[in-house]
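Enquirer: As a plain string of letters, each chain reads:
4 protein chains.
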Amino acid sequence: MALRTSAQFLAGLRDSREVYYRGQRVPSVVDHPELGIAARHAAIDYEMAENPKFRELAVHRDGSEEFSAYYRVPRDAQDLLSRSKLIEAGTTEGATLVLLIKEIGTDALFALKRVLGRSADAQGVQRVEAFYRHCRDKDLAMAVAQTDVKGDRSKRPSEQSDPDMYVRVVGKRADGIIVSGAKIHTSCTPYVDEVIVLPSRSMAPGDEPWSLAFAIPTATPGLRLYASDYLHGTDDPYTRPISTNHKMVETLTVFENVFVPWERVFYVDRPDLAGATALTFVEFHRFTAVSYKLPLLDAMVGAGIVIAKANGIDRAGHVRDKLTWLGGYVETVRGLTELAALRCIMEKGLSYPDDVTTNMAKCTFAREFHQAIETVQDLAGGLLVTGPGGTDWNSPEIRPVLEKYLPGAWPADRRMAVMNLISDLTTRSYGGYQAVLAVHAEGAIEAEKMAMFRAYDPSRSVALALRLAGLESHAPGK
Amino acid sequence: MALRTSAQFLAGLRDSREVYYRGQRVPSVVDHPELGIAARHAAIDYEMAENPKFRELAVHRDGSEEFSAYYRVPRDAQDLLSRSKLIEAGTTEGATLVLLIKEIGTDALFALKRVLGRSADAQGVQRVEAFYRHCRDKDLAMAVAQTDVKGDRSKRPSEQSDPDMYVRVVGKRADGIIVSGAKIHTSCTPYVDEVIVLPSRSMAPGDEPWSLAFAIPTATPGLRLYASDYLHGTDDPYTRPISTNHKMVETLTVFENVFVPWERVFYVDRPDLAGATALTFVEFHRFTAVSYKLPLLDAMVGAGIVIAKANGIDRAGHVRDKLTWLGGYVETVRGLTELAALRCIMEKGLSYPDDVTTNMAKCTFAREFHQAIETVQDLAGGLLVTGPGGTDWNSPEIRPVLEKYLPGAWPADRRMAVMNLISDLTTRSYGGYQAVLAVHAEGAIEAEKMAMFRAYDPSRSVALALRLAGLESHAPGK
Amino acid sequence: MALRTSAQFLAGLRDSREVYYRGQRVPSVVDHPELGIAARHAAIDYEMAENPKFRELAVHRDGSEEFSAYYRVPRDAQDLLSRSKLIEAGTTEGATLVLLIKEIGTDALFALKRVLGRSADAQGVQRVEAFYRHCRDKDLAMAVAQTDVKGDRSKRPSEQSDPDMYVRVVGKRADGIIVSGAKIHTSCTPYVDEVIVLPSRSMAPGDEPWSLAFAIPTATPGLRLYASDYLHGTDDPYTRPISTNHKMVETLTVFENVFVPWERVFYVDRPDLAGATALTFVEFHRFTAVSYKLPLLDAMVGAGIVIAKANGIDRAGHVRDKLTWLGGYVETVRGLTELAALRCIMEKGLSYPDDVTTNMAKCTFAREFHQAIETVQDLAGGLLVTGPGGTDWNSPEIRPVLEKYLPGAWPADRRMAVMNLISDLTTRSYGGYQAVLAVHAEGAIEAEKMAMFRAYDPSRSVALALRLAGLESHAPGK
Amino acid sequence: MALRTSAQFLAGLRDSREVYYRGQRVPSVVDHPELGIAARHAAIDYEMAENPKFRELAVHRDGSEEFSAYYRVPRDAQDLLSRSKLIEAGTTEGATLVLLIKEIGTDALFALKRVLGRSADAQGVQRVEAFYRHCRDKDLAMAVAQTDVKGDRSKRPSEQSDPDMYVRVVGKRADGIIVSGAKIHTSCTPYVDEVIVLPSRSMAPGDEPWSLAFAIPTATPGLRLYASDYLHGTDDPYTRPISTNHKMVETLTVFENVFVPWERVFYVDRPDLAGATALTFVEFHRFTAVSYKLPLLDAMVGAGIVIAKANGIDRAGHVRDKLTWLGGYVETVRGLTELAALRCIMEKGLSYPDDVTTNMAKCTFAREFHQAIETVQDLAGGLLVTGPGGTDWNSPEIRPVLEKYLPGAWPADRRMAVMNLISDLTTRSYGGYQAVLAVHAEGAIEAEKMAMFRAYDPSRSVALALRLAGLESHAPGK
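Chains as they are written, first to last, in our numbering: chain A, 515 to 992; chain B, 515 to 992; chain C, 515 to 992; chain D, 515 to 992.
Keep in mind that the hints were calculated from the coordinates and are not lab data. Hints should not be assumed to be uniformly reliable.
Stated by the list, open to error - With a straight-line Cα cutoff of 27 angstroms, these simulated DSSO-like cross-link-like pairs (lysine-lysine) come out:
| id | chain 1 | residue 1 | chain 2 | residue 2 |
| --- | --- | --- | --- | --- |
| 1 | C | Lys669 | D | Lys823 |
| 2 | A | Lys686 | A | Lys669 |
| 3 | D | Lys836 | C | Lys669 |
| 4 | A | Lys669 | B | Lys823 |
| 5 | B | Lys836 | D | Lys918 |
| 6 | A | Lys836 | C | Lys823 |
| 7 | B | Lys836 | A | Lys669 |
| 8 | B | Lys669 | A | Lys836 |
| 9 | D | Lys823 | B | Lys836 |
| 10 | D | Lys823 | C | Lys686 |
| 11 | C | Lys823 | D | Lys669 |
As the list claims (entries may be wrong) - If we take Cβ atoms under 7 angstroms as the criterion, some of the chain C residues that face chain D in the derived model are:
| id | residue |
| --- | --- |
| 12 | Asp666 |
| 13 | Glu888 |
| 14 | Asp906 |
Given the structure is predicted, the values throughout are model-derived calculations rather than measurements. C-beta: ideal position from N, C-alpha, C; glycine also.
Build out the structure end to end from the sequences listed, making use of the hints.
Expert: Structural data, given as structure tokens:
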């Protein structure tokens, strides 16, 4: 099948899906003033495939076969680098906001392939493969619903007073299963074609009904999407140059007796697979994450450099020191991301980014992002939150006053354009959105540290320490 | 004269003042949907004086004399502590947002008293004293316009291509002077009675026309206030429990041939006084600042503790570690603020908070605030930016879904109330406003570090180092 | 009784005490080439009392009564400030190394008074009081043996496979008890008159034999002191200007069937008192600690300032930035120490430094000390570890070469004197000693954080957060 | 020519070289009790080439040609990786102390090749090439004398009051030049065959006599080496398991009218080449540095892991957190080092490690090393500085006491072995040596930050920021 155009993608969203926004059922996502922006932001994915500038990167060609490059199964380091570059390019076109309608879905599919392949579950492997071909060949957009609402964090799914705190099987039929429960933080759900559902944690015997993975079309009866209005638009594009036109929407994703046919059930009643799925997905997804964070970081360091010039302070020692730190921060994340691909691990012909290196990239990103915010705000100045709005700027009476009084080393129009970019990136809702994502998306910082601890192989360093202490004979394995 | 009521204060704002908001001249600040909120927030100052709970703190009584305690000239450490407590209490009533309609004005007046007193300028002292009595006895609200728009930061006022980059004298008459130019970041200007104008930097010979300090009523002809709409309201108080009802407004403050009578000119043509005024004002004002930051910090640490409980994670080791850090951060700022008062310096019967200690408090606050934001966001979770809005919560169809799926260790209503508080404090516009103020208000971090460097007396440590190195004879002064 | 002279103190150390150093029994501590240095360092305490310059600070006079001011029971903030100043002055005379022969002992005695007073143990109170008078009136030097050797850290004393991992009662007689076991890290033991023994942790029922506090003379039979040679001297005072003449010695303190008469047993078989004693002692002792850290910090910042001048780099922006940070670090510790005294808590006529404030001072000190080391090393340069030694400097052939080639902005002799001071303070054994003490002495950083967590009262911040979230009715206590 | 054995290397050091140690001329470096240790440490380089385990890595074979692999001119990323691995392996054999007798010399030679190649100085290129062949074919050891003693840091060489503050030409003859002056911090000089001399900074017109590069045998008349005794040995290998047997020595390297024949003068009177040489050398040398830091970092993290086990605290949450941080720190440096090779830049058939990436590795290493020290000390405990020495341990009377009282989760002998390793690494002279090297070697932190600032290419980030701000037309180059 051919690749879809962005128009075809948007047309495909006009179906019976059950989406709620600000208390109201949304008749058409595409035509909705807020959700439509998010859908068109996502559609950049399809536009890139049509754009000669990105075609090489965005479209995989293999003989006569042609499909979105997100669906390319990585076979070597180069494939992983290409995937990373594609994600980075998409996010750059998205003005620092990831598109995420194929990235995360393929992360999930590659993870399911690996986990089911390892467990030698032939039926599961076949179902994942069939679903993968379906999505790839129809050029579909996917969301992944992973994080459960969780209820009491100290209890396992089967111990919760309300069993719906984790998505679960409530019935089985000859043709499929019935599921209920809810997921939270599901990105892009209202404007994708398919929703892949994965467990969010390890499970133990007794947790069978909660141990399942499946996929359903967004328009499946009983699937209800309660969209967050966090990035709800404003009337002022002047002060929000990014977020006026770019938006991502998360949902509370409720399953009320949703029917899933067997061919869409990748596994069920498998506590042994749940933890592996959750971890493997996150390993892939963190590589996606560090790839899509790069344009945001580039924008931060670039905005820092530019506003220092616009303010006329770029030669001060402390400013150079801050810019050097910012640049080093960004390039460390970029370098470790590249290295995670170069150090890829091969398993059954597939290549996976190196886990420790990916986690180092992600932790470096996450732990210093708020310092980057502070640094850029420091370079910009108080005008970030005391400056004029768009109606002021557009007023023929007021603009001359602003033009006279707000220049620095650059004239007021250019200086304020950069100031507003930084305000959007760091002080308004979009800035807060990115800041919280830095701490929580793709696993919170504590989860990443645990992943590091698990993945880190201490044998070299322990052996050296024991040798230096004269305790070679006590080295592990001896 | 008697203290004014809040109604009297608001009534006093109905005059000919020239205020612009979103491109429009504002006919009545008090009746304006946005500026009115800010004015009523400021009016909390007057409400406290009427409230028996705060009367002792907010009203100074001396025999039959009775005036707002902000106007009390501090005579000892206890007076400074009381002033600090009053500012803290006002900001607590303002829900973490400082009131600032008497704090900053008295900071300016005390600084002018000190600077002119030291320079033995009897006429200037007398004019400041007369203006001080005028404001105190009529219980007036004041703004301070200090930061000039500055233009090219590498040049002095007299070197700027446009001489209006710093406010200046453009003419002198028998009855007063004419001033032009503009100030930026002026807080509360649209809803105060008087505007005090101070230089923002040191001046040198040649900068005479820019070396002046004066005060004028807000409704003075030629004074034009262009208000920032940065904290422009939203339609959703559910997700903005603080900022829906509390607001502060900054202006670009333009002087176009404004007449100032001589009795309101504290000095003019005095480059020798400009730097001292700027520094002395900021020294006082930083003590105000660290006092008014405390409720914001208390709210942050309190919200961190409460959301950890609401999420059911308060017993985790890393959570206790983070809360301990947060508590230590807040209490260090509070402790140093208290100590700055206890270590006060007496000069001509007036007490001044210790400069080094105040700067340590301010630097500690400023340097770690973004880490506090990160920490509280970390404890709260992704719901900060993916959760429901007020229309969802108020929908009879949707609320039951939210109540079912969004509880943690606390039920959904209480958990979401805390989540929204944290979102308002850290991820939305109000959070960004406070974050930028942390870095830039009352002097940027670099300015505070320079103030520390200047104020720090190294003689003890240098003498000890020389003695330990056997170089006693090289100690300074020998 | 009269105060003792330093000669009397040293003479008093010539007794049957059983001290081992480098594998050998030490016949006379005072005459030992290494331990004698430590004893004479400690004797500075007695010299100060004889020195008119320090007499006011070091000697308490009350009518005809006269005793060492360390023994003064603090009755108000001023007494605590005086105690802090005395400790600071003693450590300054000790060239950044605390004297500690009365500081820690009185910390222990004040703690025992408080704990036994609270528990209404009249006999215990009387025994402590009697022992206190004995020490005070004879002007004795004391060590405190608290930290047990601990064995398996995951087990309580009664659960250890070897019961001697914590000091314990092994027998009781009509006239006293017999104790065995060992303490570690005991400072100054070889050259004090009395050793006070306290529990190092909380105990539970079953831990009775390990739950005791007592005091014995150093020369008690069965008490064996194995002194660490960590600070063993070198042959080069040129490169160790401090540590050549100043030394503190810790022991492994072994009790082998040591008899303790009942009047020296403050309590025994009291698991309920053990934890309180350990905590209360540490609370007092941390105030001592932050007082005695100040000269070390002053020496660091002073050395940083001086070497920057000697190297000719003191005007560089980054150097000023580092010096400002150093100064702010030191003064924050000093300020919080002072504040801990000013905020003292009164209980039964005694004043105690505020616990939260003391812990903030201690944590601030501990968490940033290694950064201070790095900063001072950064300012000094590589000569710290590549420079000449004393034999080079004293060689008539080589010194001219060094004088020609090693000047900076200061001549070589003065520059190298400061360089060597910094090397002693930060790169050689003495530097390492202070660095480890920063992390571990008076409780490790993690213990201090736990103490902070326990001592911090969150009620104000929690109440504010709940109020701002509209949850006043859920405030604690309602 | 054949590779030399370590015995041949040591034999080669017995010549007329003029070395001073502790005020005395050293008749034979190899036989000297201190310098001999350093020479034998360096000889590990030659032992590795003889050892089958390292032969592949340490010896380059090209047909019949065979030479030390340090001399292999890197032609691709793999050559750089091999070089890095060789340096890492050598330092591991050196027990965390770099060998450095070929690493730094080849760094200098590769840099001279590049700089002279670029400047098309055919004679210079030929002289470097000839000297390179001489060293390679005779398997020589080399030191590099770069850092001048500098005098007044604010002045250029020609402005110094004493012209000898930078090494300079004092005379020219038909057969060569005469040089005088002094270098400092020169590593390994007493026990190498050749000394390469490079400028340490950029020069300007007027600085001609100071703008030169050359090489001479160590035994050249007039070359005087004043060796630092910083790592002077102790009598206790028990507490210094590394530094008793491994040592590196720096010299003050004085040139008194030293004759250099023309074929050994790579250039002279070339201010235009001085800065490029200094920078290019440091670029190479920083790649060497990050390679040789890895065993030190491995030892730190390994010692941290092992002591946590030995103390029985490895399951505590805060301990896992600290170990995770340590591991991430080490692996980030390692990863960026590897990436610097993988991203190598090709120029005229030679490959150079990527400069920005190398600097990121070096800065990451340098900025966090003191935190790593603190962390490992934190995990180890106070015994680092209060524990027994070797004479205690070897005493038949005392060892049983130590064995009884000093176990943790591991018996006392193994626990103390690790404790002593950590003490050597972090608290004693060797620890201080490594700490100062972290801050100053291969350029101080500030120099590295400047190198980062210069090397960082901001064009991508600036272009993105301008585009997001709607200022595409203002991008650089437009």
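Enquirer: Taking the hints in turn, state whether each one holds.
Expert: Okay, the hints, checked on the actual structure:
Note on C:Lys669 and D:Lys823: the hinted pairing holds, with a Cα-Cα distance of about 15 angstroms set against a maximum of 27 angstroms. Proposed proximity of A:Lys686 and A:Lys669 is supported: the alpha carbons are some 26 angstroms apart, at most 27 angstroms. A threshold of 27 angstroms between alpha carbons decides the hint, and for D:Lys836 with C:Lys669 the separation of about 23 angstroms falls inside it, so the pair holds. With a CA separation close to 15 angstroms, the supplied pair A:Lys669 and B:Lys823 stays within the 27 angstroms bound.
For the hint pairing B:Lys836 with D:Lys918, the CA-to-CA distance comes to about 39 angstroms; that exceeds 27 angstroms, so the pair is violated. Of the supplied pair hints, the one linking A:Lys836 and C:Lys823 holds, its CA atoms being roughly 25 angstroms apart against a limit of 27 angstroms. Taken as a hint, the B:Lys836 and A:Lys669 pair is honoured in the structure, with Cα atoms around 23 angstroms apart against an allowance of 27 angstroms. With a CA separation close to 23 angstroms, the supplied pair B:Lys669 and A:Lys836 stays within the 27 angstroms bound.
Only pairs whose Cα atoms come within 27 angstroms are accepted, and D:Lys823 paired with B:Lys836 is accepted, the gap being roughly 25 angstroms. Distance check on the hinted pair: D:Lys823 and C:Lys686 sit about 38 angstroms apart at the alpha-carbon level, beyond 27 angstroms; violated. With a C-alpha separation of about 15 angstroms, the suggested pair C:Lys823 and D:Lys669 falls inside the 27 angstroms cut-off, and the hint holds. Interface hint at C:Asp666: satisfied, since its Cβ lies 6 angstroms from the closest Cβ of chain D, which is below the 7 angstroms cut-off.
With 7 angstroms as the threshold, the beta carbon of C:Glu888 comes within range of chain D, its nearest partner Cβ sitting at about 4 angstroms, so the hint holds. With a cut of 7 angstroms, the hint placing C:Asp906 at the interface with chain D holds, because the nearest CB-to-CB distance is about 6 angstroms.
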